[in-house]
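Can you make the complete structure from the sequences, with help from the hints?
Numbers 1 to 229, taken from this note's numbering, label the letters of the sequence shown in order.
Hints listed in this document are in silico derivations from the structure and should not be mistaken for laboratory results.
Predicted, not measured: the structure shown is a model, and the values here were computed from it.
Beta carbons: idealized from backbone N, C-alpha and C, even for Gly.
Keep in mind that a hint or two might mislead.
What the hints assert, rightly or not - Straight line, CA to CA, 20 Å or less: simulated EDC-like cross-link-like pairs of lysine to aspartate or glutamate:
hint: 1; residue 1: LYS39; residue 2: ASP80
hint: 2; residue 1: LYS87; residue 2: ASP67
hint: 3; residue 1: LYS87; residue 2: GLU158
hint: 4; residue 1: LYS83; residue 2: ASP106
hint: 5; residue 1: LYS182; residue 2: ASP80
hint: 6; residue 1: LYS83; residue 2: ASP67
What the hints assert, rightly or not - Simulated restraints, written as ranges between beta carbons of each label pair:
hint: 7; residue 1: SER50; residue 2: SER157; range: 12 to 22 Å
hint: 8; residue 1: SER53; residue 2: SER157; range: 44 to 54 Å
hint: 9; residue 1: ASN48; residue 2: SER68; range: 16 to 26 Å
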Amino acid sequence: MIVDRSQSALIATLRFLDDLNAPIPSIAYNDGTLSIGYKLHGSTTWTNLSLVSGTLGTWTSNGFVEDSGSNGLYELGIPDIAKIAGKRTYWRFKQGGNQFRYDSIDYVAIPSANTDSIAFDITVPGLGPIFTSDNAIIYIKEESIDVTFTANQDISSETLVIIFELASGTDSYVILDSDITKSGNNATITLPVGFTSTTKSLNWSIRKASNKKVYGTGKIAVSYAPHED
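Written out as structure tokens, the structure is:
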């Protein structure tokens, strides 16, 4: 996730999956087998959160609440102590005897031209992300990406354009609004065919089609594992 480093009251969306990649519903904040921790940039130590009951769509420091039990989504109120302006914070989370899933948040300065940008997650079904150096390596079992606008922004009526290109700036792929499935604050797309067989380094941006206003940009390296029926 990439967010404006001046943003406060940040709510992150976490997706809990078991080791068979099935969503885990109905996790309570005080579940004794629930573990959520963070590691600040440059640190070698993970700090576990002491969770409290959260309210959907409302920031509470360490607040944890289920979003939808059918797909394993939960909201977490990121505590201020877990943020360093201009740096990355790593996160890990699990429930029960399942392996940890990993994610990261980058707190960056967003140019003034993008002041209307909205924090969002790219949630990929399948194995959890593994981070190397400053690039995220995300292993994917399904050729789709869900984009969740975490500021509770209803984008179902927005006309969006999602753009992918190689880090070299070549081989651009544009996902038009007609190919984006939208509901509430969630958008789902099928990844371009050119990026479904080998590891690629991708630049991507999500824009409002009418005025090209950028909702957010990023760069990831993506490795696609074989699809399993």
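Against the structure, the hints:
no.	hint	verdict
1	LYS39 <-> ASP80	holds (13 Å)
2	LYS87 <-> ASP67	violated (28 Å)
3	LYS87 <-> GLU158	violated (31 Å)
4	LYS83 <-> ASP106	holds (9 Å)
5	LYS182 <-> ASP80	violated (31 Å)
6	LYS83 <-> ASP67	violated (23 Å)
7	SER50 <-> SER157: 12 to 22 Å	violated (39 Å)
8	SER53 <-> SER157: 44 to 54 Å	violated (32 Å)
9	ASN48 <-> SER68: 16 to 26 Å	holds (25 Å)
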